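Engineer: Given only the sequences and the hints, what does the whole structure look like? Please build it.
Number of protein chains: 2
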Amino acid sequence: MQHIQSYISEHKDRFINELIELLKTPSISADPAYKNDVLKTADAVKLALEKAGCGTVEICETPGYPIVYGEKIISEDLPTILVYGHYDVQPADPIELWDSPPFEPIIKKTDIHPEGAIFARGACDDKGQMYMHVKALELMTQTNQLPCNVKFMIEGEEEVGSESLSWYVKRNQGKLANDIVLISDTGMISNSQPSITTGLRGLSYVEVEITGPNRDLHSGLYGGAVANPINILTKMIASLHDENNHIVIPGFYNNVEELSLEERAEMAKAPFLLEGYQDALDIDEVFGEKGYTTNERNSIRPTLDVNGIWGGYIGEGAKTVIASKAYAKISMRLVPNQDWHEITELFTEHFKSIAPKSVKVKVTPHHGGQGYVTPIDNIGYKAANKAYTESFGVQAIPQRSGGSIPIVSLFEEELNSKTILMGFGLDSDAIHSPNEHFGIFNYLKGIETIPLFYKYYTELSKRNL
Amino acid sequence: MQHIQSYISEHKDRFINELIELLKTPSISADPAYKNDVLKTADAVKLALEKAGCGTVEICETPGYPIVYGEKIISEDLPTILVYGHYDVQPADPIELWDSPPFEPIIKKTDIHPEGAIFARGACDDKGQMYMHVKALELMTQTNQLPCNVKFMIEGEEEVGSESLSWYVKRNQGKLANDIVLISDTGMISNSQPSITTGLRGLSYVEVEITGPNRDLHSGLYGGAVANPINILTKMIASLHDENNHIVIPGFYNNVEELSLEERAEMAKAPFLLEGYQDALDIDEVFGEKGYTTNERNSIRPTLDVNGIWGGYIGEGAKTVIASKAYAKISMRLVPNQDWHEITELFTEHFKSIAPKSVKVKVTPHHGGQGYVTPIDNIGYKAANKAYTESFGVQAIPQRSGGSIPIVSLFEEELNSKTILMGFGLDSDAIHSPNEHFGIFNYLKGIETIPLFYKYYTELSKRNL
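Chains Y and Z are the protein sequences, given in the same order. Throughout the first sequence, residue numbering follows our numbering, covering 1077 to 1541 in sequence. Throughout the second sequence, residue numbering follows our numbering, covering 1077 to 1541 in sequence.
Hints listed in this document are in silico derivations from the structure and should not be mistaken for laboratory results. The reader is advised that the hints may include incorrect statements.
Identical copies look the same in the list; a pair holds intra-copy or inter-copy alike.
[Claimed, not checked] Lysine-lysine pairs mimicking DSS-like chemistry, simulated, CA-CA at most 25 angstroms apart:
(1) Lys1494 to Lys1538
(2) Lys1366 to Lys1311
(3) Lys1366 to Lys1433
(4) Lys1395 to Lys1428
(5) Lys1088 to Lys1433
(6) Lys1345 to Lys1458
(7) Lys1521 to Lys1111
Quick caveat, the model's predicted, so the values are computed rather than measured.
Structural biologist: In structure tokens form, the structure reads like this:
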């Protein structure tokens, strides 16, 4: 550990300056106007990986932006870590809400970051978190402490859906073979309480259309005599949850993973203030499935939410119309072992079955994704926890995220790899928002923790053989 | 009766040509570009009333378009009929769907109108039906058969809400004093089955807003843990009807008028083919309150319909959002004796009471109106029925309309008058749509039936004294 801290101490100003340089290029993948900047950033990452010690680095062409691939293979007998990150960033809009220009990085102190934070688009998401891995590699190669093989795969389309990544991974399974995937693109609880994201929810997203009469009708002349598709839609949606907020679709919970009491107890250690949560959202009460806490409801339990609803007259004033059609977008967040294709089918079948004969129902699946989980007895999780414990002086807390990161499922399906999500960002870092920033503390702590992960992962792998 | 038929037979070509002339002026009240045409039409109506025998005719200025007022007072001892109609018309859009120009009237034969129909905007609604009354007056004065006093009030803003009419009526209660209001601005069942509209429903129209969290949230991170205002709104709306489609708002049915078996039996005589009704709307089944027929559900029973609903993401594709707010426009059609102010209050109170504490509810009343009914033992109804029976050879059927005609409530409130709705149009006349038309048969039958109404109404009034 001593060599790590010494190296960081000696080189930290350069580490910060190199990141600041990288942040000056607006690599906005969503806007074609920045194409050259995106490509320029890919080149900068290639150069950085070469300098950090990768033996082989390539700019891999794809149907979209290139993927920067680098590797340093020491021995076939050692485990291989695949580092994933992305060099593209979100658009800076609304630009007028930034206190300093998004691509002119500056360091400012804040209450949460008394040691200063770098303010720039991409500072945290994901240039800063990605670059920690580049600098950790440098540190390990320069101090001759790299304990295993490493591969880097840094893409340029994460903010627009990672389509080319999917294309690339499916065509390079051999090249990308690894024992564990390591990603820093999430957050942790606080600077004094690290956490590891161990689970992500899957998703089934559908659109429903209810058709009543074949045209809009006058509500005076027809009201009460024909099925109003909006009223019917509300009845159908309302019936999807029972009085305990359980979802009533037959078979919906069949494969739901039930967490061990140990894992629930671990999760419950995360600091959580219900009052603060309610205040932040300006709600008088939380709401959800009976028998589970708020943090469990939004992570280890599947849910069904209407994301959009529309039908009839929605302009100013009043129109006495009975609409011909009513629509809703409905998504279900799924937990590990729920197959999203199966859930989509169960939903469709049930939703059609509960419609009265007076309407017609159409269900169109939009998209979906599988849930994902890394068990806390996985050696990757154990290695990460040991690394955090050493660098932060406190054990990490396993956290299930309610969201979905499709690439994690992609790696599991195509590369048969588990992923360790070692995030060093904070909720308050304003990723995707104006004034995005990344704490100097977090950046350096990441560079410190990552080599420890390599060390413990390699040790545990050997013991596991 | 002989003199009526003779006069019509002798003058029918002129009656038709005069109406055709009136239809050539595009008196579209909704579009300021036609202002001169609207005013020109008011002048034409004034002239027509003078020629028909009104002693006094005035163009009465209002804040909007003028009201043409005319009267012929024979004796203070005789009853007074107030004829209401309107000289403005709907816009002709979509103009490309007209088979002939909307303001170049032509006569064409159709399956329903083998004797021909006049095709033009306003042919039925309401120039044609209004002009029947002018020609009926001419007939009565020319043949010296006018049995009572008559007042005409023909407005120019019916298609845009009759605001100036309301202004005018409230300022001229003495001048407009009458025993009965007579209007031809509705329809009848068929050319072989006349009907009289005896009831109109009232209305309470509200907008509701449900607020959950104070901003839109990511459905992955918050889904299942906070109340989704769209899901809550669907639950709340769905709960407003029970399994028999009764409305569950406490007190909602307290004052609902229960029809006599006699009146329900009369109504049930109206020819109605459920299969044809369903086919026309392309529905497999009707839907409504248990214990009532389709025709009762949309006329004598109060209803609650969502006229519009919206919230969350309603664009193309998918967005995993939990909306902060969800909205609906909800209207209740009311039957006589239900006070719309009271119903609006009952709704508001109930709707707020069923919301979980996890959301906030706002209810904004839009507008409303009282229901209206003319009992079939009213002498106006009896006189109309006798008139139809004589001219059509078959008794009229009383019909409740599900819609609301605010001016009828206005006349009841401001003039203390009942209204007789003697409509001669057919559902197929395409009012408010392209290719509006009015049957020659219907036009002449109206001119024949109206003097009979005057005769029987005067006779029954004398007997009633």
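Engineer: Now, for every hint given, state plainly whether the structure supports it.
Structural biologist: To see whether the hints hold, each was checked on the structure:
1. Lys1494 to Lys1538: within (18 angstroms within a copy, 97 angstroms between copies)
2. Lys1366 to Lys1311: This pair counts as both: shortest intra-copy Cα distance 22 angstroms, inter-copy 17 angstroms.
3. Lys1366 to Lys1433: between (33 angstroms within a copy, 16 angstroms between copies)
4. Lys1395 to Lys1428: Between. Shortest inter-copy distance 23 angstroms satisfies the 25 angstroms Cα cut-off; intra-copy 29 angstroms does not.
5. Lys1088 to Lys1433: Neither. Shortest intra-copy (70 angstroms) and inter-copy (51 angstroms) distances fail the 25 angstroms Cα cut-off.
6. Lys1345 to Lys1458: The answer is within: 17 angstroms in one copy meets 25 angstroms, while 82 angstroms across copies does not.
7. Lys1521 to Lys1111: For lysine 1521 and lysine 1111, the Cα distance exceeds 25 angstroms both inside one copy (32 angstroms) and across copies (76 angstroms).
Of the hints listed earlier, those the structure fails to meet are numbers 5, 7, in rising order.
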